[in-house]
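Chemist: This is what each chain is made of:
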Amino acid sequence: LAKTTQPISMDSYEGQEVNITCSHNNIATNDYITWYQQFPSQGPRFIIQGYKTKVTNEVASLFIPADRKSSTLSLPRVSLSDTAVYYCLVGDGTGANNLFFGTGTRLTVIP
Amino acid sequence: GAVVSQHPSWVICKSGTSVKIECRSLDFQATTMFWYRQFPKQSLMLMATSNEGSKATYEQGVEKDKFLINHASLTLSTLTVTSAHPEDSSFYICSARRVGGRSTDTQYFGPGTRLTVL
Chain A
1 LAKTTQPISM DSYEGQEVNI TCSHNNIATN DYITWYQQFP SQGPRFIIQG
51 YKTKVTNEVA SLFIPADRKS STLSLPRVSL SDTAVYYCLV GDGTGANNLF
101 FGTGTRLTVI P
Chain B
112 GAVVSQHPSW VICKSGTSVK IECRSLDFQA TTMFWYRQFP KQSLMLMATS
162 NEGSKATYEQ GVEKDKFLIN HASLTLSTLT VTSAHPEDSS FYICSARRVG
212 GRSTDTQYFG PGTRLTVL
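Quick note, the sequences are listed as chains A and B, same order. Using the working numbering, the first residue of the first sequence is number 1, and each one after it goes up by one. Using the working numbering, the first residue of the second sequence is number 112, and each one after it goes up by one.
Just so you know, these hints were derived from the structure itself, not from any lab. For each residue, glycine too, the CB sits at the ideal point set by N, CA and C. Hints may be right or wrong, so weigh each one.
Residues of chain B placed beyond 12 Å of chain A at every Cβ, according to the derived structure [as the list claims (entries may be wrong)]: (1) 174; (2) 183; (3) 196.
Within a straight-line C-alpha distance of at most 30 Å, the following computed DSBU-like cross-link-like pairs (lysine-lysine) qualify [unchecked claim]: (4) 125(B) with 177(B); (5) 177(B) with 131(B); (6) 152(B) with 131(B); (7) 125(B) with 152(B); (8) 175(B) with 125(B); (9) 69(A) with 54(A); (10) 152(B) with 69(A); (11) 3(A) with 152(B); (12) 69(A) with 52(A); (13) 3(A) with 69(A); (14) 52(A) with 3(A); (15) 131(B) with 166(B); (16) 175(B) with 3(A); (17) 166(B) with 3(A); (18) 177(B) with 3(A).
To spell it out: a stretch of chain B is covered by chain A in this simulated footprint if at least three of its residues, at any positions, have a beta carbon under 8 Å from a beta carbon of chain A; those stretches are [to be verified]: (19) 149-163; (20) 220-229.
Could you build all of it, start to finish, from the sequences and the hints given here?
Modeler: So, in structure tokens, the structure goes:
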């Protein structure tokens with residue numbers, strides 16, 4: 001299984017850009033990288049998915065270097081409502097690889 | 112699009128009773144659904160994979176006779192916790208794998224069900 005490693009926690013002030021990095025050294029050729037956000041007592045919410053280089057949507061950007069052994073979720077100008085746990089998962093969607101959650105990163109946004 | 116619902120959102124039951132939790136994909140078909148359990152301050156733990164029309168696949172350490180899973184249609188999977196005990200109290204979350212136009216597919220999660228066994 002493609003194991004992921006993330007920082008346990010991060011703090012940021014409101015209005016700042018936050019970058020959360022995930023390591024996935026044994027990512028397979030067919031694997032995609034997916035990030036989820038989870039608030040307390042809620043199910044995870046899909047944020048963004050990518051394979052290589054850069055992907056951007058209305059809420060975040062995902063940067064993936066050429067070797068794909070890591071990825072960085074970038075949240076522009078965070079607000080208090082972005083306080084949550086962020087998980088990265090890797091897998092090709094056809095097997096079990098993208099079903100196992102790591103510890104996630106607990107982001108706390110400070111006023 | 113890609114909305115998954117769960118019912119009930121919370122349930123309290125007496126020890127020894129059975130509880131059924133429903134998971135529905137509202138606007139897409141899901142040949143595969145997944146059931147997770149999450150204890151406070153911990154990550155999600157995969158319990159089982161549910162494929163429409165076939166038996167569920169359980170992860171190691173998950174009792175299949177205690178956690179009954181049925182996936183009778185492309186939009187509905189149910190998890191029944193049989194003879195529930197206080198240690199089964201947890202947050203149960205389902206997800207549905209949406210097969211889309213991209214070369215990969217993505218899990219979409221339900222809002223979760225909080226089970227408290229007294």
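Chemist: So, for every hint listed, does it hold in this structure?
Modeler: Status of the hints after comparison with the structure:
no., hint, result
1, 174, "holds (19 Å)"
2, 183, "holds (22 Å)"
3, 196, "holds (22 Å)"
4, 125(B) with 177(B), "holds (16 Å)"
5, 177(B) with 131(B), "holds (12 Å)"
6, 152(B) with 131(B), "holds (24 Å)"
7, 125(B) with 152(B), "holds (25 Å)"
8, 175(B) with 125(B), "holds (21 Å)"
9, 69(A) with 54(A), "holds (14 Å)"
10, 152(B) with 69(A), "holds (27 Å)"
11, 3(A) with 152(B), "holds (20 Å)"
12, 69(A) with 52(A), "holds (10 Å)"
13, 3(A) with 69(A), "holds (11 Å)"
14, 52(A) with 3(A), "holds (18 Å)"
15, 131(B) with 166(B), "holds (17 Å)"
16, 175(B) with 3(A), "holds (26 Å)"
17, 166(B) with 3(A), "holds (27 Å)"
18, 177(B) with 3(A), "holds (29 Å)"
19, 149-163, "holds (count 5)"
20, 220-229, "holds (count 5)"
The structure fails none of the hints (numbered hints given earlier).
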